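Since chain H is already given, all that's left is putting chain G on it; use the hints.
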Amino acid sequence: MKDLADLLRHHPFAEGLDEDTLALVAGCAKNVVLQPGDYLLREGAAADSFYLVRHGAVALETFVPARGPFTFLTVKTGEIVGADWLIPPYRSSFDARAVELTRAIAFDGKCLRGKCEADPRVGYEMMKRFIPPLVKRLQSARMQALGMYDAANA
Amino acid sequence: MPQTLEACAPPLHPMAPRMTPVTRFIRESEEVFTFDLAPERAMPFAPGQFNMLYAFGVGEIPISISGDSKAPERLTHTIRAVGPVSAALGRLKAGDRIGLRGPFGAGWPIDAYRGFDVLLIAGGIGLAPLRPVIYWLLRHRAAYGRVGVLYGARAPDDLIFRGELDEWRRTPDFQLRVAVERAGPEWMGDVGYVTPLLSKLRFDPADTVAMICGPEVMIRATALTLEDAGVADSRIFVSMERNMKCAIGHCGHCQFGPLFICKDGPVHSYDRLRNLLACREL
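Protein chains in written order, with our numbering: chain H, 947 to 1100; chain G, 144 to 425.
Read the hints as simulated data drawn from the structure, not as lab findings. A couple of the hints might just be wrong.
To be verified - In silico lysine to aspartate or glutamate, EDC-like type, Cα no more than 20 Å apart, as pairs:
| id | chain 1 | residue 1 | chain 2 | residue 2 |
| --- | --- | --- | --- | --- |
| 1 | G | K343 | H | E1025 |
| 2 | G | K343 | H | E1046 |
| 3 | H | K976 | G | D179 |
| 4 | H | K1082 | G | E329 |
| 5 | H | K1074 | H | E1025 |
| 6 | H | K976 | H | E1025 |
| 7 | G | K343 | H | E961 |
| 8 | H | K1022 | G | E329 |
All values reported here derive from a predicted model rather than from experimental measurement.
The following block holds chain H by itself, in its conformation from the complex:
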């Protein structure tokens, strides 16, 4: 049976992490299996965790009164769910719901924050892994916000 460090080693998030750091962060992780419809995060709830999707798909949603839940991004195999654990007040800003059978590595955000505070080198490794996807998502969100398909008529 694979241990958590082994599972983590095969996720793109861990690419380039040395073994000591890998073992250290794996100490804050657990393996989870989510059924379609299971929630990983709830908007407004404490952002205690984040997830590395090993296999599956997760919809990031926000609830619009009178219209229901709206998906604004799907996160799939090899990607990260949740960044609110990084910044105060550590409160989730969206719902995250599995849309198919999803296997993921769940991290205890408080545990990992403690290790980052204790060893800035670990913190920097985490930042290097969170910032690129967050910047890409910000760029994509900007394109989505432009409503560029609204006026196009190729």
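Okay, now just chain G, sitting in the frame of chain H:
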């Protein structure tokens, strides 16, 4: 005896519309519709070429041909109603007639890239000018390497060619990813901006040709992403849109720097366009 409109039309002049009947009308979504035209004689065209469609008494607009180049006796156009002419075309029904000029312009160079992996990236109605390429690829599948199609739209209700999307999704050796910008919980596909999905397609950048059609802001971002992935800018092709009037490079309405979109394009290689796309004054 009254003279017919056909008798008034000067034959075979590129500026003279030919009276052409609509034979089929399909509503793709709330704003988008497709119709077939039956020209008097077959009008061979290359994937990516366009026709000028004239709604009598309203005006004329350029519309890419969205049908199969193997069937030039039937000209299919897919249009989004955004202005008075396209709205008038959207009120047509089978049996009505419109004015037709074309085909015009340079199409997608798909025949020149046999043996390559092919990526098609479409945004919104931009799937329509790329559909003839898809038909071509499906007909000549063995002549190409890996094929991938990315299609982005606002929402699930805005997707066009839905029946064919399902067919293409089931086609072996054909990668299709569809992303919408927002969706309800019933949507099981990708949500988000379409370009990042490039990382989900399998292709060899050194032997890939890419074709992009969509909003210009999407073209710029997608071309850069393809370059980052290692696709040469001379093998990235984009379909451009500008205000076209004559369609034969005479009037200058569609001039884009040294290029006329109607005559030199609408399909251009990105290495020719890169600097022009960065120029806001054009």
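Against the structure, the hints come out as follows:
1. G:K343 to H:E1025: This hinted pair holds, its Cα atoms lying about 12 Å apart.
2. G:K343 to H:E1046: Distance ~18 Å between K343 of chain G and E1046 of chain H Cα, so the pair holds.
3. H:K976 to G:D179: Answer violated: K976 of chain H to D179 of chain G is near 57 Å, above 20 Å.
4. H:K1082 to G:E329: violated, 26 Å
5. H:K1074 to H:E1025: holds, 14 Å
6. H:K976 to H:E1025: Distance of about 16 Å is within 20 Å: holds.
7. G:K343 to H:E961: holds, 18 Å
8. H:K1022 to G:E329: holds, 17 Å
In summary, the numbered hints that this structure violates are 3 and 4.
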